[in-house]
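Engineer: Sequence:
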Amino acid sequence: MSGTTISHRVSEFSGVALFALALVWLIALTTYDPADAVWFFNTGGQAPPHNFVGQVGALLAELSYQVVGFAAYLFPVIAIVVGWHYFWCRQLPAAGTKTVGLGLMLGSGAALLSLALGDGGGAFRAGGLIGDGVARVLAEYLNRTGSIIVILTGVFLSVILATQFSFGRMGRELSRGTARDRPRSARGRSPAETPYRLKAAG
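If you count the sequence shown from 1, position 160 lands on 160 in the working numbering, and the numbers rise without skipping.
It is worth saying that the hints were derived from the structure and are not from the lab. Nothing here was measured: the structure is a model prediction, and the numbers come from that model. Here a beta-carbon is modelled for each residue, glycine too, at the ideal position from N, C-alpha and C.
Quick list of the computed label-pair ranges, beta carbon to beta carbon:
no., residue 1, residue 2, range
1, V56, P93, 28 to 36 Å
2, V56, Q164, 32 to 40 Å
3, A47, V137, 33 to 41 Å
4, G122, W88, 37 to 45 Å
5, G96, F165, 16 to 24 Å
6, H50, L174, 41 to 49 Å
7, A179, F41, 51 to 59 Å
8, T4, P93, 15 to 23 Å
9, C89, H50, 33 to 41 Å
10, V16, Q164, 19 to 27 Å
Whole structure, please, built from the sequences with the hints as guidance.
Structural biologist: Here it is, written out as structure tokens:
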């Protein structure tokens, strides 16, 4: 078996493993129960965890929610995207830039959730420790309005860095679509309008 074939097999295996991780992570997050006994966090009680992924899922969900709050749902999405590239043996272009973008996306999303929902009224902050910390620092120097502007800027920048999406390209496509629709609307006018216009001009 050649080295290329082995490399492809390893890449496919990694992709499947990341798909499985994403599914486990998503189930752990959606079946989270703050009453579950979790290693290092809540060790009280001997009842079996309600989390569908057991003690491992309870710990994974607790860590995720405590760190970035509801932005934790981005973790399974990231695992799926990376797993897709591995499964099809596609090289992830500009991996360093995308990693920075994903980090910025998690931080900005968590901070936005913290500003919008506050403590969330539950067992963890809506934006987790990271979102709450970023939101507090920004609010101290920029107040709420300035903080929202900075955070939204971070969200837009993270989308540009982490994906191949271009807001400029989207604007150009929308402009072209609008320009193409204008001649169609002009040709689509009813014939009854023409005599009226000629009469008005006369």
